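K.L.:
Position one of the sequence shown corresponds to residue 1 (the numbering used here), numbered consecutively onward.
By construction, these hints were calculated from the structure, which means they are not laboratory data. Careful, some of the hints might be misleading.
Label-pair distances were calculated between CB atoms; the ranges are [as the list claims (entries may be wrong)]:
#, residue 1, residue 2, range
1, Ser-379, Thr-552, 23 to 29 angstroms
2, Pro-518, Asn-198, 15 to 21 angstroms
3, Ile-548, Thr-244, 50 to 56 angstroms
4, Thr-546, Trp-385, 38 to 44 angstroms
5, Asp-461, Trp-385, 24 to 30 angstroms
6, Ile-188, Val-440, 20 to 26 angstroms
7, Gln-510, Thr-449, 38 to 44 angstroms
8, Asn-198, Gly-447, 40 to 46 angstroms
9, Glu-517, Asp-480, 55 to 61 angstroms
10, Ser-317, Tyr-514, 32 to 38 angstroms
11, Ile-188, Glu-517, 42 to 48 angstroms
Note that this is a predicted model, so its numbers are computed, not measured. Glycine included, every Cβ here is placed at the ideal spot set by N, Cα and C.
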Amino acid sequence: MAVPADVSGLVFVRRSDVLVHLDEQGQQHYTGYRMKITHPNALQIGNLSISWNPASGAPTVHAIKVHRDGEVIDIFPSASFEILRQEGQLEAAILDGTLTAVSRVPDLRVGDELEFAYTIRVDDPTLRDTDAGVLLLESNVPQGRYRLGLNWVEGQKPNIKMTDDMAAVAVKGEREIEFLLDNPSHLIPPKDAPPRYNWQRIVEYSDFSDWKAISRKFAGLYSNAASISDTSPLKQEVKRIAATHDNEFDRASAALKLVQQDVRYIYIGLNGGNLTPATSEETWQRRYGDCKGKTVLLLGLLAELGIEAEAVMANYSGGDDGLDQRLPSPGMFDHVLVRARIGGKLYYLDGTLPPVAPPVSEPVLPYRWILPLRAEGSSIERLEWHPAKQPDITTLFEIDARAGFNQPARKTHTVITRGIDGLAQQAQFSAVAPAQLLSVFRQQSIGDTWQTIDDVQWRYDQKAQASVLMVSGTGMVDWDDDGNGARSLALPGGGFSAPPKRIRAAQQDQYLPYYNEPEFSCYVTTVRLPTETRPSQWSFKPGYNTRIFGRTYYR
Numbered sequence: 001m002a003v004p005a006d007v008s009g010l011v012f013v014r015r016s017d018v019l020v021h022l023d024e025q026g027q028q029h030y031t032g033y034r035m036k037i038t039h040p041n042a043l044q045i046g047n048l049s050i051s052w053n054p055a056s057g058a059p060t061v062h063a064i065k066v067h068r069d070g071e072v073i074d075i076f077p078s079a080s081f082e083i084l085r086q087e088g089q090l091e092a093a094i095l096d097g098t099l100t101a102v103s104r105v106p107d108l109r110v111g112d113e114l115e116f117a118y119t120i121r122v123d124d125p126t127l128r129d130t131d132a133g134v135l136l137l138e139s140n141v142p143q144g145r146y147r148l149g150l151n152w153v154e155g156q157k158p159n160i161k162m163t164d165d166m167a168a169v170a171v172k173g174e175r176e177i178e179f180l181l182d183n184p185s186h187l188i189p190p191k192d193a194p195p196r197y198n199w200q201r202i203v204e205y206s207d208f209s210d211w212k213a214i215s216r217k218f219a220g221l222y223s224n225a226a227s228i229s230d231t232s233p234l235k236q237e238v239k240r241i242a243a244t245h246d247n248e249f250d251r252a253s254a255a256l257k258l259v260q261q262d263v264r265y266i267y268i269g270l271n272g273g274n275l276t277p278a279t280s281e282e283t284w285q286r287r288y289g290d291c292k293g294k295t296v297l298l299l300g301l302l303a304e305l306g307i308e309a310e311a312v313m314a315n316y317s318g319g320d321d322g323l324d325q326r327l328p329s330p331g332m333f334d335h336v337l338v339r340a341r342i343g344g345k346l347y348y349l350d351g352t353l354p355p356v357a358p359p360v361s362e363p364v365l366p367y368r369w370i371l372p373l374r375a376e377g378s379s380i381e382r383l384e385w386h387p388a389k390q391p392d393i394t395t396l397f398e399i400d401a402r403a404g405f406n407q408p409a410r411k412t413h414t415v416i417t418r419g420i421d422g423l424a425q426q427a428q429f430s431a432v433a434p435a436q437l438l439s440v441f442r443q444q445s446i447g448d449t450w451q452t453i454d455d456v457q458w459r460y461d462q463k464a465q466a467s468v469l470m471v472s473g474t475g476m477v478d479w480d481d482d483g484n485g486a487r488s489l490a491l492p493g494g495g496f497s498a499p500p501k502r503i504r505a506a507q508q509d510q511y512l513p514y515y516n517e518p519e520f521s522c523y524v525t526t527v528r529l530p531t532e533t534r535p536s537q538w539s540f541k542p543g544y545n546t547r548i549f550g551r552t553y554y555r
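The task is simple: from the sequences and hints, build the whole structure.
P.N.:
This is how it looks when you write it as structure tokens:
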């Protein structure tokens, strides 16, 4: 595509090609582009990088060229790549084995056009010749020409599904489909709409005929990996649990705690481990594993204890809204846990959670869809959403202002946190010594609402499944001077600011539903009034119960 005379921005994309080729071995992903540099800040595109999984083979570089004033400078013959093993998420206990090749284009200048092209193979040892994936054009790309394409050899045609915006530009051939977009507009998801409406400019492809096919394929992997041999040391753990506990729920809870507490979490994506679980005995022997390894280990223990259980795949990152509208693909899931039938009821057991998380009738995370892994296959299951029975966060303020309006009050601030945030606090605070916790709060909070902090107490109430943090000390009360000696106080948590009116731009669909992330919070405030005043001198505003834009506020 020719560069316009009035070009602006960092770069202009003369062409960008992203092509996927499907064959009997898997997939080949081709990326190629030619970009004109129009701003000094864009010179960094000369830092080239390619990331790939070495289990699929090395990438192939096709071209590195610089176009300058009608001259073509071929960089490729003299280019050198440095191979790095960058475990960028090591602090999050994630090992994926990805390699990155980096190279730097010398003497790159504003006005140059950089051309770069390469191919990587994506051959998953678990899926083998069964392919699935997506082609997408990001929401905010520089001006220019973009081509997305999918082609396949004879006998490898996948199921294809695309969003309406891609269907409008699709060009179909005998064994290919391409999409050409010139100067694509910026995409802004509909404001405050449910996440499923963010699914734009996407092409899905999959060899799986339905969700049952995925369920069957992975069920065998998990059942085989969960098997425990007669000579395994895990047999002793099973005997210990069975001897110590006399009912199914307590035995399942003990097995879950063993997996949570004695096997540390490390994601393993090496050598095809991103989809294939390590065996239960491997996971126990090395005492670390990811959600797959922990699930397999727990399945093995429960089977030995005579408890019916199955693995279920889920989307941990919350991207499962609208999953029933997607093509079947393992890539739609990023987590797996156990569902067991105990005493005739279904419970979810997640080995990756802290060891205070017991079997629960509803998952801690609000999954919308799950896929049970069964030998006969299973469709995805919708998990119905239910309003929380208890607040996610309860905040209690106790203010003892009996010393007077102008004196510091004794304060106690208690926060009770449930759900996944409460478990995150448990993982954080349980590793901190009480003296250290006190020191941190003193350094961070004194000078704001606190003048002194005398004590910080934290505990996790396992029966209530709640993290309880209590801070006590002194601080001034923010009394309002109403004139003529009158005082008033806006109670912490006693009111709310009205949410802004929900309006979408005219270019966006006005008929889409609006969405609120489910949330339940509660505030309780107790004030001991100055002794120099009398109860008859005080009054309070009436309560309220109102609903605004899908949220209920009451006092």
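K.L.:
Look at each hint and say if it fits the structure.
P.N.:
Hint check:
Separated by about 35 angstroms at the C-beta atoms, Ser-379 and Thr-552 break the suggested range of 23 to 29 angstroms. Checked against the hint of 15 to 21 angstroms, the C-beta distance between Pro-518 and Asn-198 comes to roughly 18 angstroms, which is consistent with it. At roughly 52 angstroms, the beta-carbon separation of Ile-548 and Thr-244 lies within the given 50 to 56 angstroms, and the hint holds. Range check, Thr-546 to Trp-385: Cβ separation about 23 angstroms, and the 38 to 44 angstroms hint is violated.
Hint check: Asp-461 to Trp-385, Cβ distance near 25 angstroms, so the stated range 24 to 30 angstroms holds. For Ile-188 paired with Val-440, a C-beta distance near 40 angstroms fails the hint of 20 to 26 angstroms. Checked against the hint of 38 to 44 angstroms, the pair Gln-510 and Thr-449 passes, with Cβ atoms roughly 43 angstroms apart. Separation of Asn-198 from Gly-447 is about 41 angstroms and conforms to the stated range, judged on CB atoms against 40 to 46 angstroms.
Restraint check, Glu-517 to Asp-480: a C-beta distance of roughly 33 angstroms breaks the suggested window 55 to 61 angstroms. Under the hint 32 to 38 angstroms, the C-beta atoms of Ser-317 and Tyr-514, about 22 angstroms apart, miss the expected range. Taking 42 to 48 angstroms as the suggested C-beta distance range, the pair Ile-188 and Glu-517 does not conform, at roughly 19 angstroms.
The structure fails hints 1, 4, 6, 9, 10, 11 (numbered hints given earlier, in ascending order).
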